[in-house]
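**Q** Which chain is which? The protein sequence lines are A and B, in order. Taking my numbering, the leading residue of the first sequence gets 1, the next gets one more, and so forth. Taking my numbering, the leading residue of the second sequence gets 1, the next gets one more, and so forth.
Do not rely on the hints blindly, as some may be mistaken.
[What the hints assert, rightly or not] Now the stretches of chain A that chain B is said to cover, found in silico as 3 or more residues with beta-carbon under 8 Å:
{"id": "1", "region": "96 to 104"}
{"id": "2", "region": "256 to 266"}
[What the hints assert, rightly or not] Ranges of calculated distance between the beta carbons of each label pair, as one might list FRET restraints:
{"id": "3", "chain 1": "B", "residue 1": "L67", "chain 2": "A", "residue 2": "L104", "range": "56 to 62 Å"}
{"id": "4", "chain 1": "B", "residue 1": "A31", "chain 2": "A", "residue 2": "G63", "range": "54 to 60 Å"}
{"id": "5", "chain 1": "B", "residue 1": "I193", "chain 2": "A", "residue 2": "P70", "range": "51 to 57 Å"}
{"id": "6", "chain 1": "A", "residue 1": "S22", "chain 2": "B", "residue 2": "P208", "range": "45 to 51 Å"}
[To be verified] Examples of chain A residues lying across from chain B (beta carbon under 10 Å, computed):
{"id": "7", "residue": "R76"}
{"id": "8", "residue": "M78"}
{"id": "9", "residue": "G79"}
{"id": "10", "residue": "T92"}
{"id": "11", "residue": "Q135"}
Hints are computed from structural coordinates only; laboratory data are not their basis. We put the CB at the ideal spot given by N, CA and C, even for glycine.
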Amino acid sequence: MIRIDSVTKRYPDGTVAVDRLSLDIPDRSITVLVGPSGCGKTTTLRMINRMVEPTEGTILLDGEDIRRQPVTALRRSMGYVIQNAGLFPHRTIVDNIATVPRMLGWGRRRARERAAELMERVGLDTSLAQRYPYQLSGGQQQRVGVARALAADPPVLLMDEPFSAVDPVVRKGLQDELLRIQEELGKTIVFVTHDIDEAVKLGTMVAVLRRGGRLAQYAPPAELLSAPADGFVEDFLGADRGIRRLSFFPSAALELTTDAVIPADAPAERIAASDARYLLVTDSDGRPLGWTEPGEPAAGGIRTDRLLPHGRPFVPGADSLRVALDCAVLSPTGWAVAVDDDGRVTGVVSQQTIAEAIRAAHAQGRTGKTEVAR
Amino acid sequence: MNGFFDIPSDLQHSWSGLIGLHLREGLLPVAAGLLLALPLAQLCVRFRWLYPPVLGVTTVLYAVPSLAFFVVLIDYTGQTELTVMIPLAVYSLVVLIPAIVDGVRSVPEETLAAATAMGFGPVRRYLQVQLPIAAPAIVAGLRVATVSSISLVSVGALIGNQGALGNLLAAAQKYDRPELAVNSVLTTAVLAILCDAALVLLRILLTPWMPRGTGDRREPAVRRARPEPEGATR
Ligand SMILES: Nc1ncnc2c1ncn2[C@@H]1O[C@H](COP(=O)(O)OP(=O)(O)O)[C@@H](O)[C@H]1O
Ligand SMILES: [Mg+2]
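Build out the structure end to end from the sequences listed, making use of the hints.
**A** Spelled out as structure tokens, the structure:
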């Protein structure tokens with residue numbers, strides 16, 4: 001565990017970048033420091049590997065003051081990833097990744113083998129090994145940055161806005177990759193970002209900092225969204241925090257109805273018998289085709305070329321209430337379509353039913369504790 | 001062109017001997033200048049306030065005519081090659097120090113931060129990161145310094161035949177053989193061009209990591225965009 005104990009950093013020009021910050025960073029999880037630009041996130045992170053020395057307070061790593069070991073040894077036990085990757089432009093990709101192992105005295109062969117292994121782990125084709133950084137895209141460079149930080153298998157990973165400079169699609173890929181790697185490797189990650197969405201997505205615990213480096217709130221993301229500590233945090237979370245919070249509620253318990261689902265070859269009387277305003281038509285495999293209104297004359301069965309689009313379906317086990325609600329809102333009929341893993345319709349659900357589920361989930365959230373473990 | 005390569009015996013060298021002498025008198029000062037400029041430039045990078053005065057001093061020294069240098073030095077080093085080479089070495093500083101300082105400063109901040117974070121000490125960081133990345137800028141400075149040094153060697157003729165190929169200019173007058181002057185000028189120019197080409201080749205060999213087709217770009221091609229909005233993104 002990394003324990004930041006009432007740490008203050010005052011720069012020589014008098015700027016107080018961090019003010020009496022205390023934070024317990026749990027092992028084997030992602031702790032996110034988030035806050036507006038200039039609130040002291042980078043300073044805090046750099047105090048952990050002593051690139052910045054605190055003015056007051058101590059930082060303990062597994063109970064021991066980080067000043068008790070040589071600074072280079074401390075740094076080599078902590079991977080560091082930054083915006084724009086900060087790769088060595090004059091070294092090949094494989095040599096960039098092998099930097100720390102080589103410094104630790106590994107042989108050239110072993111270091112290169114390790115580098116190749118890491119390239120695969122972060123999703124880089126090993127054919128890029130002999131290239132130079134300028135020959136890679138921003139996203140690829142960032143992956144190299146992550147691989148380089150992991151090279152000597154450090155227990156701690158410090159990441160300073162690592163994905164801020166890449167476009168949103170690439171960023172999402174990198175975030176998913178980080179979560180996957182974290183699942184496999186279980187590092188203690190301290191992750192800095194100014195993007196609250198990124199913080200909520202990646203963090204096991206999220207520390208919100210305000211300007212002047214003061215801690216505004218330290219909580220799991222679901223708790224942050226449901227109970228912001230004050231106006232600053234609430235503001236910082238943005239106007240749609242209620243919607244975003246739904247990401248933390250599963251959609252598995254939604255009550256689906258199959259009354260309004262019919263196969264395309266259903267007899268006319270069955271259509272006429274239905275009292276639903278809309279019917280979801282499926283093909284012979286049970287996959288959704290689109291919506292139809294039963295009131296229309298159905299001479300010769302359902303015209304599958306005249307259906308309303310069914311929109312994106314959701315998967316009750318895997319998707320959150322947020323996704324289910326999004327599907328319902330986007331649906332032309334106001335009903336969301338639920339499918340199983342194979343894309344077969346398991347039922348439909350209305351906005352009203354989803355709204356009830358949200359109310360129930362909120363009620364449960366108030367009484368029971370939020371599910372995210374520390 | 002009869003007698004083009006027929007060098008008067010009082011110069012005590014054949015044509016190729018003069019070329020060797022010229023190269024030595026032209027290149028050794030640049031090498032010495034580089035050895036001097038590297039630590040000076042590093043000090044200027046380390047202590048920013050030092051850079052303007054250092055730059056000022058080298059510029060003033062550059063403005064001192066070589067003849068004045070010779071007058072002062074001749075009491076100590078006599079009518080020797082060394083008397084010619086010392087001013088040339090001093091002149092090279094005016095190009096080399098800014099070239100090295102710019103080169104070292106062009107290393108991206110995040111690259112330096114990454115090196116520090118990986119546990120590079122200051123010396124290792126300088127030798128393995130800053131210097132190699134500054135190499136293209138340093139070679140660019142060396143090219144200017146080398147060409148100007150080679151052309152300046154000729155003034156050594158003023159202090160008793162220490163001007164190598166430049167001595168041919170004096171000989172041309174003395175013996176009324178204009179072809180010797182043409183020889184001097186052409187040979188010096190060709191030497192300068194060849195040395196320059198050698199340095200270009202050196203740069204290409206040293207920097208396989210530079211994007212092709214950027215010629216003498218002084219800055220390494222590393223992504224520099226760093227958008228960080230003032231407030232938070234929502
Ligand atoms: N080396 C420094 N000297 C003086 N002030 C600094 C220095 N580094 C950062 N600061 C100031 O400290 C504050 C926090 O900076 P920083 O930790 O980089 O914030 P963040 O990473 O959250 O954007 C800012 O006001 C910044 O201007
Ligand atoms: Mg920062």
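**Q** Look at each hint and say if it fits the structure.
**A** Right, here's what the structure says about each hint:
{"no.": "1", "hint": "96 to 104", "in the structure": "holds (count 3)"}
{"no.": "2", "hint": "256 to 266", "in the structure": "violated (count 0)"}
{"no.": "3", "hint": "L67(B) - L104(A): 56 to 62 Å", "in the structure": "holds, 58 Å"}
{"no.": "4", "hint": "A31(B) - G63(A): 54 to 60 Å", "in the structure": "holds, 55 Å"}
{"no.": "5", "hint": "I193(B) - P70(A): 51 to 57 Å", "in the structure": "holds, 52 Å"}
{"no.": "6", "hint": "S22(A) - P208(B): 45 to 51 Å", "in the structure": "holds, 49 Å"}
{"no.": "7", "hint": "R76", "in the structure": "holds, 4 Å"}
{"no.": "8", "hint": "M78", "in the structure": "holds, 8 Å"}
{"no.": "9", "hint": "G79", "in the structure": "holds, 9 Å"}
{"no.": "10", "hint": "T92", "in the structure": "holds, 8 Å"}
{"no.": "11", "hint": "Q135", "in the structure": "holds, 8 Å"}
Going through the hint list in order, the structure does not satisfy hint 2, though it satisfies all others.
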